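Novice: Residue strings, one per chain:
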Amino acid sequence: MTPKSKLRFLPRGGASNLLFLVLAWLIIFGLFSLKAPSFHTARNVEQLLRESAIVSMSAIGMTFVIVAGGIDLSVGSIAAFSCTLVAWSLQAKHSPAVAMVFGVLGGAAWGLANGLVITKMKVTPFIVTLGSLLLIRGAALGLANENSIYPPATWLNSILEPPTGANAKLILPIGVWLVLLLAAVAAFILGYTKFGRHVIAVGSNENAARLCGVPVDRIGLLVYTISGLFAGLAGMLLFTRLTIGDPTSADGQELDVIAGVVIGGASLLGGEGSVAGSLIGVLIMETLRAGGTQMALPSWAQRIATGAIIVLAVGLDRLRVRKAT
Amino acid sequence: MPFLSMCHISKRFGATVALDDVKLEVESGEVHALVGENGSGKSTLMRILAGALAPDEGTMELGGQPYLPRSPMDARRSGVAMIHQELTICGHLSVAENVLLGMEDSVAGVLSRRQMRHKAGSALSRLGYGDIDLDMPAGKFPIAVRQVIEIARAVAVGSRLVVLDEPTSSLTEADALRLFEVVETLRDERHAVIYISHFLDEINRLADRLTVLRDGRNVGTAGRGGATTEEIVSMMVGRRIESMYPRSTREQGEVVLEVAGLAGKVKPAEATLRLHRGEVVGIAGLNGSGRTELLRTIFGLDAVRKGQIKVGVASGAAPPHERWQEGVGMLSEDRKDEGLAIGMSIADNMTLTALERLGKGGFIGPAAQDRAAAEWIGRLAIRCQGPKQKVGALSGGNQQKVAVARLLWHGVDVLLLDEPTRGIDVGSKELIYRLIDQAALEHKAVLVVSSYLPELMGVCDRIAVMHKGILGEARSVEGLTPEEIIREAVGA
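Protein chains in written order, with this note's numbering: chain C, 2 to 326; chain L, 137 to 628.
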């Protein structure tokens with residue numbers, strides 16, 4: 002009566018999914034390395050991680066939303082807003098640390114607003130965040146007077162730079178470490194806390210969760226706030242790479258974020274997904290992009306390949322899951 | 137003093153009296169069966185107990201305290217656990233997390249996994265399921281185990297009253313036996329159990345007492361062995377067939393629909409039936425016995441696993457659009473989600489199956505469509521503003537008339553009607569009975585599924601009973617008694 006796997010030594014559930022993803026990434030990476038010998042150099046890998054850091058940051062927050070059965074289309078706009086807000090704060094002579102906090106909290110505030118409309122007014126998340134995608138982009142443009150903001154250079158600009166001098170031991174840029182650290186925290190929250198289990202319960206069976214006394218609306222409010230917070234962090238990283246506040250940046254980034262999370266094994270129906278999976282999903286997307294560029298593939302071919310990979314990856318994963326049950 | 141007492145409970149929905157002065161008393165350490173036909177008021181009573189509905193009149197006491205739950209959550213907190221047919225399991229969470237959902241052990245928000253596993257494990261082993269892998273996602277287990285997980289949830293939160301609503305309707309024989317042991321454990325642990333089931337053999341085996349409801353009233357309470365199966369059945373039925381069913385002299389013609397050894401993916405398991413022109417055949421049975429699935433399989437909505445279907449000269453399975461072309465039409469039991477496109481107009485709904493008749497080259501002549509609809513609006517006295525009105529704005533009875541008019545306008549020879557009078561007013565019911573009779577008179581064949589026995593006895597020439605997916609022989613209603621049908625339906 003109790004289903005017992007015959008292959009008990011193989012990792013179960015989430016872990017087997019991760020193994021599958023890592024293998025997929027290794028294959029893609031290996032193929033590109035064969036075609037373009039300079040692809041697997043340390044410098045290139047570091048470059049890849051740096052490029053992935055911004056999208057990965059948003060993907061951490063998005064994982065919470067998608068696991069809870071929602072969607073957040075506004076993360077690209079929030080990142081652009083936060084990026085602009087950091088620049089604006091620096092120009093207003095705030096210290097870099099304060100500017101950073103403003104950027105991150107600005108993002109969280111937008112997320113909270115999304116969550117309030119979704120849970121209090123009972124509007125579907127797709128519509129709410131589609132609206133706020135436009136609204137927040139408009140706010141970013143307004144904040145910068147439809148121009149870019151060029152603030153004075155500070156130490157913020159080096160967060161995603163390769164470490165030098167005393168920091169050289171770190172090997173990877175501080176920003177990449179920040180992503181990994183926060184991802185670990187987020188994975189712990191999702192996997193080992195009451196809140197995390199409630200997020201999964203709401204996404205898995207909202208009625209059951211409500212019946213068992215899970216505060217469904219509060220969970221909803223929190224996941225969108227978390228998504229906004231991480232989009233704000235992504236915006237802060239975006240600023241450190243651009244070193245200017247560009248309100249038109251990160252256009253369409255929400256789609257990269259969602260694609261990464263979904264490739265990482267999350268189900269848009271809710272209940273399924275992991276932070277580690279999302280990070281590898283983003284990495285797979287970035288590797289495809291970097292590899293395509295390295296091999297000088299034309300942009301149209303890269304887009305076709307990326308689109309096909311998204312559908313293929315998710316399709317294969319569904320097949321694998323169906324076989325397993 | 138009883139642990140639960142519900143006294144003088146009354147509930148009205150508009151003009152319908154759902155419950156009239158109903159009384160139910162359940163002791164601790166007792167399995168109390170609640171019996172009654174569909175529509176007898178059992179579910180309304182249970183929804184009141186579970187806090188989903190407020191009674192219009194009456195009082196409730198639980199453990200000697202006045203009890204008036206304001207919400208299902210409130211009822212749970214008071215120790216009342218409902219186990220519905222549709223389980224509330226989060227398939228992605230582990231067994232332990234499901235058992236303790238909403239009351240997880242945690243220190244500063246971080247789960248205490250060991251403690252949770254211990255609690256969930258002890259609740260499950262008390263129910264005889266100590267061997268379950270607590271870390272496995274609950275969705276990976278079969279339905280019987282998921283049901284026990286839900287019962288364990290009730291045990292773990294310390295519920296003292298457990299309501300099981302048709303718990304065996306989707307279980308196999310062996311799983312049902314194991315569930316009985318779980319129910320007996322609950323009783324031995326001094327829980328009060330309300331057990332709702334149509335299967336009288338289960339009730340004879342498990343129940344210490346039983347209460348029978350009929351038409352929203354108490355008709356009897358009996359202790360173990362206090363009522364024979366015969367007596368219970370007659371308490372459940374208890375009424376004579378009313379005379380609202382017209383029946384003209386019908387003439388049986390050739391066979392138009394023949395089903396032999398038909399089996400679907402799950403249900404039906406085995407169905408053999410011949411339907412002649414000019415006759416009305418009814419299919420009786422409990423909810424979930426596979427009656428709807430039989431119609432769906434014939435109509436091509438569900439897959440055929442085994443057996444033959446023959447419509448006129450065409451044989452074999454066919455998708456719905458071919459069935460329509462062969463002259464077979466189906467009326468769904470689910471008017472809102474399947475039967476009608478609620479957002480479309482009366483005319484669109486009525487003519488959807490054969491739009492090609494309304495114009496040439498793929499165009500629809502709006503005038504022709506309105507004319508067609510207007511004719512049937514008149515013939516069935518559909519109360520509306522006109523053919524263009526949205527179906528969603530009509531009353532239930534008028535919506536059902538639109539759904540029936542679709543079959544009549546299409547001019548089908550075989551009418552498959554699933555619960556044709558569910559949730560509609562008496563006037564519309566009478567009209568539908570008249571239309572069924574007239575269809576038979578016009579040498580059409582009608583197959584009706586209904587949970588309302590007097591109706592089936594009233595309109596049909598022959599009735600076949602479905603029990604756990606197996607269709608019995610269709611017998612003439614002459615000489616058939618409601619008691620016989622119910623006994624066959626519950627497998628007694």
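Derived by calculation from the structure, the hints in this document are not laboratory data. The model shown is predicted, which means the values in this text are computed figures rather than measured ones. C-beta: ideal position from N, C-alpha, C; glycine also. Watch out, some of these pointers could steer you wrong.
To be verified - Once the Cα atoms are required to be at most 30 Å apart in a straight line, the calculated DSBU-like pairs of lysine-lysine come out as: (1) K401(L) x K496(L); (2) K123(C) x K526(L); (3) K565(L) x K526(L); (4) K123(C) x K401(L); (5) K604(L) x K442(L); (6) K276(L) x K442(L); (7) K121(C) x K276(L); (8) K496(L) x K442(L); (9) K472(L) x K526(L).
To be verified - A short list of chain C residues far from chain L (calculated; beta carbon distances all over 10 Å): (10) R51; (11) E52; (12) L144; (13) E147; (14) T165; (15) T194; (16) S205; (17) N206; (18) R211; (19) L212; (20) V215; (21) D252; (22) G253; (23) E273; (24) I305.
Novice: Hint by hint, which ones does this structure get wrong, listed from lowest number up?
Specialist: When the structure is compared with the hints, numbers 1, 4, 7, 8, 15, 16, 17, 18, 19, 20, 23 turn out to be violated.
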